[in-house]
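Undergrad: This is what each chain is made of:
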Amino acid sequence: MHSESPAEHTGGASIMTFSKVWIVLLVLTGVEVFLAYKQLPVLIMLISFLGLSIVKAAMIIAYFMHLKFERFSLFLTLFPMLILCILLMFISMPDSQRLLNMRPPQ
Amino acid sequence: MSDVNTVEATSVWSGGASPFAVDSKKFGMWLFIISDALTFSALLIAYTYVRLATPVWPTPFHFFPSIVFSSIMTFCLLSSSLTMVMAVHAMSHGNRGATVKWILATIAGGLAFVVLHAMEWRNLIVNEHMTPSGNEWGEPLFGGTFFALTGLHMTHVICGVIYLGIIAFAVARGKFKAIDVEVSGLY
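Protein chains in written order, with numbering that gives the first Met the number 0: chain Y, 0 to 105; chain S, 0 to 186.
Since the hints were made in silico from the structure, they are not lab data. Remember, it's a predicted structure, so these values are computed and weren't measured experimentally. The beta carbon of each residue, even a glycine, is placed where N, CA and C say it ideally should be. Treat the hints with care, since some could be wrong.
[Unchecked claim] Ranges of calculated distance between the beta carbons of each label pair, as one might list FRET restraints: (1) Y:18 - S:10: 28 to 36 Å; (2) Y:90 - S:172: 47 to 55 Å; (3) Y:13 - S:30: 45 to 53 Å; (4) S:151 - Y:92: 34 to 42 Å.
[Stated by the list, open to error] To list a few chain Y residues with every Cβ distance to chain S over 12 Å, as calculated: (5) 39; (6) 40; (7) 42; (8) 43; (9) 46; (10) 50.
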């Protein structure tokens with residue numbers, strides 16, 4: 000249908016960009032391991048880890064999987080549906096608290 | 000009549016249009032990855048559900064070997080992502096020799112992950128007496144959810160190693176195009 004240039008296959012980014020992304024991902028992983036040993040409040044810990052994980056996933060999808068360099072229509076077709084389906088799975092989560100409270104005292 | 004034909008030929012509804020401007024193989028792989036992500040999400044949410052419903056959750060993950068191994072495993076996977084991008088870059092420039100070398104480096108990263116994972120499992124089964132159906136802490140669902148999640152991830156990586164092995168073999172023999180390497184890199 001159309002000729003494919005090398006720039007398209009590398010996702011429109013240079014090797015230097017990919018190397019920088021790799022270094023940032025390694026640093027973020029190091030921060031996660033460091034935070035795991037800090038006795039932070041549960042809510043702060045939860046927000047920190049979820050935030051870092053979302054940032055890491057977004058960088059991998061955008062650069063290593065080249066989504067940043069694809070048409071926006073591809074993103075709109077795939078990801079809002081994915082996020083909605085994941086959020087819908089949380090519908091059963093309050094039931095876990097009900098189960099916890101139903102446990103007989105030991 | 001000719002006006003109607005002109006409209007039909009230029010309309011995106013007349014067929015032959017590519018709204019995403021991607022190869023059909025790449026779009027198929029994206030759909031698979033989304034379904035894969037949903038499978039992992041379902042298991043992670045099941046893990047979260049069980050964790051929240053359990054008052055005392057075991058934490059048999061000591062700094063060594065568990066944390067050290069999992070950090071090295073993450074390093075292996077992140078590095079294999081970079082080597083795979085290098086392989087895609089080399090193939091797009093028609094350099095099949097370099098492509099094979101980068102794919103083999105990616106396979107090495109995946110294999111290192113699988114070996115370390117197997118060692119971690121062995122440590123938990125032999126030293127901590129933890130199995131998918133029971134453990135000494137009295138919370139059998141801990142082992143069940145842990146082995147299901149990590150086992151699915153390990154299966155995903157093993158499939159990727161086999162997939163890349165086939166791609167590397169074919170590229171070395173002068174078969175497959177740059178798009179095929181890119182689709183395998185997407186996985």
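Undergrad: Verify this label for me: residue 42 (chain Y) is non-interface relative to chain S, using a Cβ-Cβ cutoff of 12 Å.
TA: Non-interface label stands for residue 42 (chain Y): nearest chain S Cβ at 14 Å, farther than 12 Å.
Undergrad: Do the beta carbons of residue 151 (chain S) and residue 92 (chain Y) sit within 34 to 42 Å of each other?
TA: At 21 Å between Cβs, range violated.
Undergrad: Hey, is residue 43 (chain Y) genuinely clear of chain S, shortest beta carbon separation above 12 Å?
TA: 18 Å, holds
Undergrad: Is it the case that residue 39 (chain Y) keeps its Cβ farther than 12 Å from each residue Cβ in chain S?
TA: Since the minimum Cβ distance to chain S is about 16 Å, residue 39 (chain Y) lies beyond 12 Å and the statement holds.
Undergrad: Is 28 to 36 Å right for how far apart the beta carbons of residue 18 (chain Y) and residue 10 (chain S) are?
TA: 44 Å, violated
Undergrad: Is it the case that residue 46 (chain Y) keeps its Cβ farther than 12 Å from each residue Cβ in chain S?
TA: 15 Å, holds
Undergrad: Falls inside 45 to 53 Å, the C-beta gap from residue 13 (chain Y) to residue 30 (chain S)?
TA: 29 Å, violated
Undergrad: For residue 40 (chain Y), is the shortest beta carbon distance to chain S beyond 12 Å?
TA: Given that every Cβ of chain S is farther than 12 Å from that of residue 40 (chain Y), nearest at about 17 Å, it holds.
Undergrad: Hey, does residue 50 (chain Y) actually stay past 12 Å from chain S on C-beta?
TA: Holds, because the least Cβ-Cβ distance between residue 50 (chain Y) and chain S comes to about 16 Å, which exceeds 12 Å.
Undergrad: Is the distance from the Cβ of residue 90 (chain Y) to the Cβ of residue 172 (chain S) consistent with 47 to 55 Å?
TA: 50 Å, holds
Going down the numbered hints, you'll see the structure goes against 1, 3 and 4, while the others check out.
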